[in-house]
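Spelled out from the first residue to the last, the chains are:
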Amino acid sequence: MSEKLVFDAPEIMVDRPTHYCPGCHHGVAHRLVGEVLTEMGLVDDTLCVGSIGCSVFIYNYLDVDAVEAPHGRAPAVATGLKRAHKDKFVFTYQGDGDLASIGLAEIVHAANRGEKISVVFVNNTVYGMTGGQMAPTTLVGQKTTTSPNGRSAEEHGLAIRMSEIIGGLGGTAYCERVSLDSVKNIRRAKKALRKAFEMQINGTGFGFVEMLSACPTNWKMDPIAANTRITEEMIPYFPLGVFKDVTKDGEE
Amino acid sequence: MSDTKRIFIKGNEAMSRGALAAGCTCYFGYPITPQNDIPEFLSTEMATVDGEFVQAESEVAAANMLLGAAAGGARAMTTSSSPGVSLMQEAISYMAGSELPGVIVNVNRGGPGLGDIGSSQGDYFQSTRGGGHGDYRTLVLAPGTCQEGYDMMIEAFDLAFKYRNPVLVLADAIVGQMKEPVTPWEPKAADNHGAEDWRIDGAKGRKKRLLKSLFLEDGALAGQNRNLQSKYEAMQVEARADVFECDDADLVIVAFGSIGRIVKSTVRRLRSEGKKVGLVRPLTLYPFPSEVLRDLAKKGKRFLTIEQNCGQMVDDVRLSVRGIADSEFHGHMPGDLPGSDDFLAPIIKHLED
Chain A
12 MSEKLVFDAP EIMVDRPTHY CPGCHHGVAH RLVGEVLTEM GLVDDTLCVG SIGCSVFIYN
72 YLDVDAVEAP HGRAPAVATG LKRAHKDKFV FTYQGDGDLA SIGLAEIVHA ANRGEKISVV
132 FVNNTVYGMT GGQMAPTTLV GQKTTTSPNG RSAEEHGLAI RMSEIIGGLG GTAYCERVSL
192 DSVKNIRRAK KALRKAFEMQ INGTGFGFVE MLSACPTNWK MDPIAANTRI TEEMIPYFPL
252 GVFKDVTKDG EE
Chain B
33 MSDTKRIFIK GNEAMSRGAL AAGCTCYFGY PITPQNDIPE FLSTEMATVD GEFVQAESEV
93 AAANMLLGAA AGGARAMTTS SSPGVSLMQE AISYMAGSEL PGVIVNVNRG GPGLGDIGSS
153 QGDYFQSTRG GGHGDYRTLV LAPGTCQEGY DMMIEAFDLA FKYRNPVLVL ADAIVGQMKE
213 PVTPWEPKAA DNHGAEDWRI DGAKGRKKRL LKSLFLEDGA LAGQNRNLQS KYEAMQVEAR
273 ADVFECDDAD LVIVAFGSIG RIVKSTVRRL RSEGKKVGLV RPLTLYPFPS EVLRDLAKKG
333 KRFLTIEQNC GQMVDDVRLS VRGIADSEFH GHMPGDLPGS DDFLAPIIKH LED
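Those protein sequence lines, which keep their order, are chains A and B. Counting from 12, one number per residue, gives the positions in the first sequence under the numbering used here. Counting from 33, one number per residue, gives the positions in the second sequence under the numbering used here.
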């Protein structure tokens, strides 16, 4: 009972065929989370809060305790869980429809309260599981099943930039936007995760990592073209970088 | 140890103190009248038990914080009033589906919509029929006095863990806002009924656990619904009622919560005049004390259901006595505070019919 299981990086990943589409970045994002948790020695102390959409199945790929939240509510569920288990590592894994639309209130207030949780935000500018509808992060001109002529700024507003919002809140300790479109950027994404997770472990505050990701199926592109789209269309609108780091600003 | 001194407090405070006595360590809430005394009281008191108090950004968030704390196996609760409880139904359905224990207090006010802040029993259907989506039930306790408010909170936490299910305490604005003497008591050490075997607290030394309400594999959801239904069946043993002066009664009044208590005064008065009237006051609304009513029906009693709504619990009374008897209904409209006099005429009318 008291023996300690020690996982190396691959061991935390459950050995099973992926259910994600070819070229989808959820697999990459899952692996990064798994590697960082393993390297930080957090596997046995991690509580994962799943959300809604394709990413709900993260709990099938990581060998950690998990609970499933209603759509958008993962930051509130994580708040309750963390308050009940202050010594555990609690993170949510959410897509853009979940976090930036229906769950906007929950993410903003969890960040503003400075909840000691970590949020992995996968932004692929579309609702994936429900079949490719427009998301709050859909770029102007992007065609989706509910914006068949392309998103119109006049009708639907501009794509919402979450890292800019979260980075501006008082309780946020760390906020960075990264991208999964290249090996270089994937390495940077892993560093961002580690920083955000450290902010929770050392009690500094709320950590947020936005990952620009591909959804080739709903973008109706092959995986290579989808990666190119991230580089050429998404990054110019969603600039990469650190939006808040209290350890650098000297803030508390 | 046990404090036998009586204290003079509001029902809302009695329920708060009952929760603390029950070992509640996590409170999540959002202000709404007429339940504000509860978060106000607990905002300071939770700190004295090394507990957590969070004023959430909405009732939606408060109920989901409850879900999260419940998944961690904590004794947790939220409180609200009618429009706020409507917003909580999403999380309550997920908690029922994921089999998570938690206590939700509804200090029922007038509706529908924004209604008013006066007392009402209009949330009976919402409380006893699930309220959110899917096939589920919550245990529902209905205090009619401040003391019952205290006692039922202790019972609510125990039932929540016993059945791994949300428990609703359906109070109302009268119970919440009136002041009465209450005798606080300390229960035995809290029994979490083996929560350490299912809660999530880190998978050290054991297989990971997953608490969820999504069941996609062929037949899996059907299996989960069968599990839930057998649990609700097992809950039937928890049904309780306050049975008053029914032995020789010709007419049995069925009324719950504050209205049950006001009607009790009316029944006492009619008894003093020699009228053969009794009262059944359900203390649990789900499970409903159907057996009590059915036994009385078999003895030839007639029934009159009185509620402060337009007719909701009367459905359960009729289902309880079906095939043997029926129940008349008298509704006192939400938005109007009744006294015991208000029920004299309708009871006498049905007694003499």
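Hints in this document: simulated from the structure, not taken from any laboratory. For every residue, glycine included, the Cβ atom is placed at its ideal position computed from N, Cα and C. Among the hints, a few may not be true.
To be verified - In silico lysine-lysine, DSS-like type, Cα no more than 25 Å apart, as pairs: (1) A:LYS99 with B:LYS244; (2) A:LYS99 with B:LYS239; (3) B:LYS333 with B:LYS263; (4) B:LYS244 with B:LYS211; (5) A:LYS195 with A:LYS259; (6) A:LYS97 with B:LYS381; (7) A:LYS206 with B:LYS236; (8) A:LYS195 with A:LYS99; (9) A:LYS99 with B:LYS381; (10) A:LYS15 with B:LYS236; (11) B:LYS331 with A:LYS97.
To be verified - Some but not every residue of chain B turned toward chain A, in silico, with C-beta under 10 Å: (12) PHE60; (13) PRO63; (14) ALA95; (15) SER245; (16) ARG293.
Comparing the hints with the structure gives:
1. Distance check on the hinted pair: LYS99 (chain A) and LYS244 (chain B) sit about 20 Å apart at the alpha-carbon level, within 25 Å; holds.
2. The suggested pairing of LYS99 (chain A) with LYS239 (chain B) holds, with an alpha-carbon distance near 17 Å, which does not exceed 25 Å.
3. Our distance criterion of 25 Å between C-alpha atoms is broken by LYS333 (chain B) and LYS263 (chain B), whose separation comes to about 32 Å.
4. Proximity of LYS244 (chain B) to LYS211 (chain B) is assessed by CA-CA distance (about 41 Å); at most 25 Å being required, the pair is judged violated.
5. As the CA atoms of LYS195 (chain A) and LYS259 (chain A) are separated by approximately 23 Å, the hinted pair is consistent with the 25 Å bound.
6. The suggested pairing of LYS97 (chain A) with LYS381 (chain B) is violated, with an alpha-carbon distance near 61 Å, which exceeds 25 Å.
7. With a CA separation close to 24 Å, the supplied pair LYS206 (chain A) and LYS236 (chain B) stays within the 25 Å bound.
8. Proposed proximity of LYS195 (chain A) and LYS99 (chain A) is contradicted: the alpha carbons are some 31 Å apart, above 25 Å.
9. Between the alpha carbons of LYS99 (chain A) and LYS381 (chain B) the distance comes to roughly 64 Å, so the proposed pair goes past 25 Å and is violated.
10. At roughly 7 Å between alpha-carbon atoms, LYS15 (chain A) and LYS236 (chain B) fall within 25 Å of each other, so this suggested pair holds.
11. A hinted pair counts as satisfied when its Cα atoms are at most 25 Å apart, and LYS331 (chain B) with LYS97 (chain A) does not qualify at roughly 58 Å.
12. Taking 10 Å as the C-beta contact cut-off toward chain A, the hint placing PHE60 (chain B) at the interface holds, the least distance being around 6 Å.
13. Taking 10 Å as the C-beta cut-off, the interface hint given for PRO63 (chain B) is violated, the closest approach to chain A being about 15 Å.
14. For ALA95 (chain B), the shortest C-beta to C-beta distance to chain A is roughly 8 Å, which falls under 10 Å, so the interface hint holds.
15. Interface hint at SER245 (chain B): satisfied, since its Cβ lies 6 Å from the closest Cβ of chain A, which is below the 10 Å cut-off.
16. With 10 Å as the threshold, the beta carbon of ARG293 (chain B) stays out of range of chain A, its nearest partner Cβ sitting at about 35 Å, so the hint is violated.
In this structure, the hints that do not hold are numbers 3, 4, 6, 8, 9, 11, 13, 16, in rising order.
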